[in-house]
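Asker: These protein sequence lines are chains F and E, in that order.
Under the numbering used here, think of the first position of the first sequence as 1, with each following residue one higher.
Under the numbering used here, think of the first position of the second sequence as 594, with each following residue one higher.
Simulated from the structure, these hints should not be mistaken for lab results.
We treat Cβ as the ideally placed atom computed from N, Cα and C, and that holds for glycine.
Check each hint, because a few of them may be wrong.
[Claimed, not checked] Partial pick of chain E residues on the chain F-facing surface, computed with a CB cut under 10 Å:
1. Gly616
2. Thr620
3. Ile621
4. Asp634
5. Tyr720
6. Ser789
7. Leu817
8. Gly857
9. Tyr1121
10. Gly1132
11. Ala1151
12. Ile1163
13. Glu1176
Listed below, chain by chain, are the residues.
Number of protein chains: 2
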Amino acid sequence: MLRSKTCGELRLSDANTTVTLAGWVQTIRDKGGVLWIDLRDRYGITQLLLEDGQTAPELFTTARSLGREFVVQATGTVIERKSKNPNIPTGDIELKVTELTVLNPAKLPPFLIDDDTDGGDDLRMKYRYLDLRRNPVRRNLELRHRMAQQTRVYMDGQGFIEVETPVLIKSTPEGARDFVVPSRMNPGEFYALPQSPQTFKQLLMVSGFDRYYQIVKCFRDEDLRADRQPEFTQIDCEMSFVEQEDVLNMFEGLVRHLFKSVKGIDLAEVPRMTYADAMKFYGSDKPDTRFEMKFVELKGTFDTVDLTSGKGFGVFDSAELVVGINVPGCAHYTRKQIDELTDWVKRPQIGAKGLIYVRYNEDRTLKSSVDKFYSEEDLQKWAVQFGAKPGDLMLIVSGDSAKARKQLNELRLEMGTRLGLRDPNVFSTLWVLDFPLLEYGEEEARWFAMHHPFTSPKPEDIALLDKEEMLGMVRANAYDLVINGTEVGGGSIRIFNRDLQARMFSLLGFSDEEAKAQFGFLMDAFEYGAPPHGGLAFGFDRLCSLFGGSDSIRDFIAFPKNNSGRDVMIDSPSAIANKQLDELKIATTVPTK
Amino acid sequence: MLRSKTCGELRLSDANTTVTLAGWVQTIRDKGGVLWIDLRDRYGITQLLLEDGQTAPELFTTARSLGREFVVQATGTVIERKSKNPNIPTGDIELKVTELTVLNPAKLPPFLIDDDTDGGDDLRMKYRYLDLRRNPVRRNLELRHRMAQQTRVYMDGQGFIEVETPVLIKSTPEGARDFVVPSRMNPGEFYALPQSPQTFKQLLMVSGFDRYYQIVKCFRDEDLRADRQPEFTQIDCEMSFVEQEDVLNMFEGLVRHLFKSVKGIDLAEVPRMTYADAMKFYGSDKPDTRFEMKFVELKGTFDTVDLTSGKGFGVFDSAELVVGINVPGCAHYTRKQIDELTDWVKRPQIGAKGLIYVRYNEDRTLKSSVDKFYSEEDLQKWAVQFGAKPGDLMLIVSGDSAKARKQLNELRLEMGTRLGLRDPNVFSTLWVLDFPLLEYGEEEARWFAMHHPFTSPKPEDIALLDKEEMLGMVRANAYDLVINGTEVGGGSIRIFNRDLQARMFSLLGFSDEEAKAQFGFLMDAFEYGAPPHGGLAFGFDRLCSLFGGSDSIRDFIAFPKNNSGRDVMIDSPSAIANKQLDELKIATTVPTK
């Protein structure tokens, strides 16, 4: 070993021992007669001391040749510091250097290796190996390591077996776009990279492995948004001989274990909400429940209430839905502030036509932007419906039901943010249950599986599958775990009956031949003794970022790709040699530049 | 839960309790008045009992409708068996059934779900989900799970951080053939799947992560042999501020931990041997040291000995090397047995021109196939050189040094097998050290990295890099861990200096531009403060198969591919839709059938 101790472990009790450290030069302070070097490794920082008359002159020469990020080995005696630094664990001591060796010099890094750096995103991505030296980034990956460790502790303890499923699998057209891999040994044919190990984990259940898990890379060739990566990691799990309740309890246990072991938080029981209620009260299947501000209908679609029609306000009269939120304590909002909010909801990303407000003043008077149409008495009824108190501000949108809910969801989240109700260090969990089995794709004019084609309908709703007009009403035994408005996991009880599975494929527009060609092996497997089973997958990158209090999964991935799917550090993807293309029996159809 | 207990856990102490089991029907024995069902899950087998007069008649009807591999749920009372079965842990009890439900019927499986099955390889691969139900296959995957668990226990305990490196990386022409992935977002460009996370783990060292590991999928598009898979799993590790000795000790510790925790074996210290000695004494860089039979030179290349020349035997006179093994206690081999061995070494796979034998008879006389040329006195000298004792058989080959060693290596292994010296439950470990840095490819007329281009030469040999004629003599700080004649792991101390790395690339025939285009990011990283570092990777599939006492890694992979790289169960690879090809801007150049 080129070191006997790390830069984070020396204490006063080590005084007068001789040790060797190795690490990176963080800073040098040269006072002429005395010179200090802060030496850094992943465990901490230790101060090195060179002193005139005490330290050999050639060590001063070496020390004065050092620059930031030089890799250095130093041997010396641990001594008590004269002026201690209470901010770091090694602050009581310093190392009186007797040997100093440059293991590797360093060019000046292109940005500061410091908690607050001057490097922009692009520069830090190009030199990711330097960015990873910074404490905040390093801590994220350490957190991720602990999350993986503790996930395994829990799953192993519950008798789950970790099984590796293949990465080179088969392309299927359902769901997102696959990455494909040309096969040289089978010219003209392709493997696909898995979007999830779904069918394999179900086959493991058919095999009798009854409790499976895996922390596994998955792949989706989608146009990337800020929080998406083409390769991502799942905690993937499946269990046999279970009902929905068993799966919920098992994985609530995992989440509770992670909060306790990684963050020291005792998580309360995870509340449950149906998909229908989530849509009704939050306009979202992943509501942020750190704060209330539930939706209130004035002219309902879920309720039959109507407190707005027939007063001459055409906008509301023609609207399918009039819905709002009560923002507590914001009656003091100025006209300017409300105008700004109105502009905010009218942005194309939100798409609202406008925003109606009602101020419930402290003096119990009511002031709205629709005073022309609605009397104080009308508004009073609204206030009752909203459960508003003097001092509150009601914000109301209207229109097509689905659109209005979506817009109000965005506004609700925005108000939560503005009012500081979305503290990343507060955690609010929620099970969302009873998702619809199918959703209709207007564009494609066909039904899609909301979760995936292997999800079981609720037994009591199976009869509805016979009626085309009722398909949208069929509920699935599907569930999502939501934390702070983010879906961190989802799963379902699976179909394990060949006929029902075949019927699902048929509903999704597969011909018998297509279903057989793509999923024949699974349907065959269902005929050889498939147990009832179900499972769940967590988005591991997202879960880590949530635990780390960050919005960005990229900060929790060692070598992420940018929004064009590029790794700018290694400059990938890239052109490959014609010899490779020839061997693979493929050609690019991109015109050569 | 559809069960309250598993089929492996009930004991006499559970008698008179009511439990629910779920599992697969293994066998049914119907004696008319009494009917037994063996119910199986991954934990064991429990006997179910139906008895005339005690059990409701409709349960008999249900039971008689069952077939092998039906999935069944049974509730009943645990009772003591009249005739106990001492061969299974649940053999003291049976379940007196009060409820019996078919959860899923099953077609007759295409082969027996039994320890000894009647299914051939192809059939079992097609129905891999059924093969996985068999105890021996299931136990292999359970072993693999324990190996992974214990690897993590050790690595975590040593302060290693598990970091996930990317799967979509960049293609490089050095080494084996890459699998590539066309990028839709970057038309005409490709990702590659990693053959190992080599450059990323080195970058993590530059980042200061100082102890990294990962159990990770890697990919090689090679023509498959029986024991190769296109995707395979490595235990991948890297450490900073270390010398070779530190790496050897750390990973000897891992292997010792695995033997102890998984197999209950206290492993002795791992012996060490130089590459040169391995070649000299075993003709292989991965000698099987479960048995001796070291090579003995009669006309040497490593030694200057010559006990054969000038006696008129042209074959030996013209040979570069005359080398043999002493097979203890085999002087009794008949002429027929020796002829058969001679035919064996003359097969094209081995390629020897012939085989010379010397019998050292119990009466101390010597009898050889070259008595015409060599006197009893000559042979006596050979016997001394071989360290032979009366009753031994010396087997000798000759010719070109490299070829003769290779042939004798094969013969030695064959004799070890024939003499029962290669018990898969005996484990002999070995570090092979001081590999050559470079090897010359005659065909390509250039030097290749024996390990990989990032391996450091031994500091004392660096000067030899200047002399073209000495390049083959340069030794590397590279090491392999060999168990029972199989390389299970290998690694090296890495280059961490930009200039030396650039020189290596140049020696390997890279132009400066090529080196920069492919590995510029790594060479850049070396300029920003790279610590001395080194590491190792274990072949995890192979390690598991060794621990499981099997020659086949395929038995230790849940869903392996066949020798054509196909998954015959899911029928992959396969053709993909033209729409997919168009989106990816690629075309296949295979003539359509």
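Asker: Tell me if E:Ile1163 is really an interface residue toward chain F, meaning its C-beta lies closer than 10 Å to one of theirs.
Answerer: 5 Å, holds
Asker: E:Tyr720 was flagged as interface toward chain F. Is the shortest Cβ-Cβ separation under 10 Å?
Answerer: Where the cut-off is 10 Å and the nearest Cβ of chain F is about 7 Å from E:Tyr720, the hint holds.
Asker: Can you verify the interface hint for E:Gly616: is its Cβ closer than 10 Å to any Cβ in chain F?
Answerer: Holds: closest Cβ of chain F sits about 8 Å from E:Gly616, inside 10 Å.
Asker: Measuring from the C-beta of E:Asp634 to each C-beta in chain F, is the shortest one below 10 Å?
Answerer: 6 Å, holds
Asker: With a cut-off of 10 Å, does the beta carbon of E:Glu1176 approach a beta carbon of chain F closely enough for the hint to hold?
Answerer: OK, holds: E:Glu1176 within 10 Å of chain F, min 7 Å.
Asker: The hint names E:Leu817 as touching chain F; please verify it with the least Cβ-Cβ distance against 10 Å.
Answerer: 8 Å, holds
Asker: Measuring from the C-beta of E:Gly857 to each C-beta in chain F, is the shortest one below 10 Å?
Answerer: 19 Å, violated
Asker: Taking 10 Å as the limit, does the beta-carbon of E:Thr620 come near enough to a beta-carbon in chain F?
Answerer: Nearest chain F Cβ about 14 Å off; hint violated.
Asker: Min Cβ distance, E:Tyr1121 to chain F: is it shorter than 10 Å?
Answerer: Nearest chain F Cβ about 5 Å off; hint holds.
Asker: Is the interface hint for E:Ile621 satisfied, with its Cβ closer than 10 Å to some Cβ of chain F?
Answerer: 14 Å, violated
Asker: Using Cβ atoms only, decide whether E:Ser789 comes closer than 10 Å to chain F, and label the hint accordingly.
Answerer: 14 Å, violated
Asker: Just to be careful: measuring from the Cβ of E:Ala1151 to every Cβ in chain F, is the smallest value less than 10 Å?
Answerer: 5 Å, holds
Checked against the numbered hints given earlier, the structure breaks hints 2, 3, 6, 8 and 10 and satisfies all the rest.
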